[in-house]
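Participant: So the sequence lines, in the order shown, correspond to chains A, B and C.
Under the numbering used here, the first residue of the first sequence carries the number 4, and numbering increases by one thereafter.
Under the numbering used here, the first residue of the second sequence carries the number 512, and numbering increases by one thereafter.
Under the numbering used here, the first residue of the third sequence carries the number 716, and numbering increases by one thereafter.
Simulated from the structure, these hints should not be mistaken for laboratory data.
There's no promise every hint is true.
Claimed, not checked - Restraint ranges, calculated between C-beta atoms of paired labels, are given here: (1) A:L5 to C:R793: 31 to 39 Å; (2) A:P237 to C:R720: 21 to 29 Å; (3) C:R793 to A:G235: 54 to 62 Å; (4) A:P150 to C:K833: 33 to 41 Å; (5) C:R852 to B:P631: 38 to 46 Å; (6) C:A859 to A:V275: 49 to 57 Å; (7) B:G608 to A:A286: 34 to 42 Å.
C-beta atoms are modelled at their ideal positions from N, C-alpha and C, and glycine is treated no differently.
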Amino acid sequence: MLRPFELSEPTSVAEASELLARHGDAARIYAGGTELILAMKEGLVHYEHLVNVKTIPGLAGVRLDAGTLRLGAATSHRALERDPLVRQHFPAVARMEADVANVRVREVGTLGGNLCFAEPHADPGTLLQVFDATARIEKKGSARTIPLEGLFVGPFETCLEGDELLTEIVVPPLPSRSAAAYLKFGFLERPSVGVAVAVTLDDGHVADARIAVGCVGPVPRRMREAEAELRGKPRTETGAALATAGRIAGRAADAITDLHGSAEYKEHLVGVLLRRAWDQALAAIDGSPRR
Amino acid sequence: MKEIAMTVIVNGDKHDLTVPPHETLIECLRDRLGLLGVKKSCDVQVCGTCTVLLDDRPVSACTVLAFEARGRSVRTIEGLARGDDLHPVQAAFVEHGALQCGFCTPGMIMATVALINENPRPTADEVKHYMRGNICRCTGYKRILEAILDASRRMSGASAGNGR
Amino acid sequence: MKVEREVTIAAPRETVWDFLWDVPRLAGCIPGARDVRTIEERKTYTAVVADKVGPFKVQFPLTIEVVDVQAPERLRVRANGRDTAVDGLVKVDLDVTVTPAETGTALKVAADISVLGKLGTLGHSVIVRKGTDIVDRFAQAVRAQLEAKA
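Please put together the full structure from these sequences, using the hints given.
Facilitator: Following this line, the structure appears as structure tokens:
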């Protein structure tokens, strides 16, 4: 049995922001509840006041705006998994969403909720960073946009102020001759290691390489030092660079030894998944006629 | 604390309820409506035993709040058979021996109904992907997979408008 | 989980050893510790250690027993506590050694931390990071305190 709480159902972002400001630490945004209700059921946290954001029109939905994907924060994982625009134009995102948790969590859980709960062992925050995705954050009277990477401050901690809501995630398209891939590994309920890449080719060379690692460290983040190893290389000569990039990314991932495995094991897996994701991305570029 | 007045259709029956916001769907279905076919197992939405359909979508009754069902329809295992007439998915599970202790079975079957409703002829890989969140400790899954594929074959061969 | 940290402090060994028995100042070096009380001098103390990770807060009322003293070089302490709100039991075995070093004194802190119950399982990864961080900060804080005086 959950401890009782009050429920508010605002119909605008401003109203939701006001409620958060008024109740302070006693209130929390409630969307799908797949993380929040779990934590409350386990007695790990309690909020006297939940602010339902599913009653705010326009907070959920998928739009394609001149090639850029605009995702309402309250869009469910399942909606993203199945959306024709996402599947056609951002197939790596659709695939990642299809593998989040299980189908019941995906039906109810939202992208915004996932990102804002900032559980380190999660998927979307890792992949979306290789698209240079941005997050739109609003409160009553103002809005700001930040790189998604900046949202994550620590485990279960975002940069959101007490009265702010994440309203939209904006995902720009990759350049032509690009593809992204996301691979994860885990044997517990949540993934232990997640690696995302985005590769752009130009005349047989790696024009751009983006790498993000999640689940391992306290936050998902880009591995820019590892990316530099691969940029500019001829695509047929990336073997050694991938190994080096894997080692750099593994060390930079800040792994600890815990129930998910030893730090060394996780570092090793970063390298393995990086190589496989890289190959997958290249195969996607090669297999795509128009790009 | 303000309670929420709601109307919900459960297994075709209309109910007018008043629930506190913190009541979970499984508490509502089991404790208020006596639908004990909805089983609580892990209580953390991992095992799938409490799977029910909310507007045809599979959800974990243990973690969805009851008020979220307002104005919607809920289907549990009790709502599948018509009298003694088993739903094709139930029949397939029985015929294929896709259960032993039976505890995961209501959730398995509800998830299967949702799957076939969305994807009438899933491939084995699609079944495995969809059903990944329903855990069985007894059967080793092989017969469950066969039952699901068989049920989908039968149901897509059935006449249109069967609506089950 | 076991965490070990060693710092070199620019102060003589006796000063460092005496600092370990200056309970209020020592407790001030433990992040999140407050309400430190002496139950029996040099034997038993109580304290409350509070911390939070994102929205998750814990508060452990601890009983601290001095298990073994080998003045002026080694001190072993055991702390026990149960979180009041969340189901979690914490047990820390601390082995502190104080040895002369070239530039002063080497203080080595070896902590064996167990968190049992729901908190221990669900929060395992967080606890590993936090435990390491706390021992880190404790060692740094002790050094800062002693070197400020000197």
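Participant: Hints first: check each against the structure and report whether it holds.
Facilitator: How the hints compare with the structure:
no., hint, result
1, A:L5 to C:R793: 31 to 39 Å, "36 Å, holds"
2, A:P237 to C:R720: 21 to 29 Å, "46 Å, violated"
3, C:R793 to A:G235: 54 to 62 Å, "57 Å, holds"
4, A:P150 to C:K833: 33 to 41 Å, "36 Å, holds"
5, C:R852 to B:P631: 38 to 46 Å, "59 Å, violated"
6, C:A859 to A:V275: 49 to 57 Å, "42 Å, violated"
7, B:G608 to A:A286: 34 to 42 Å, "41 Å, holds"
The structure fails to meet hints 2, 5 and 6 from the earlier list, while all remaining hints are met.
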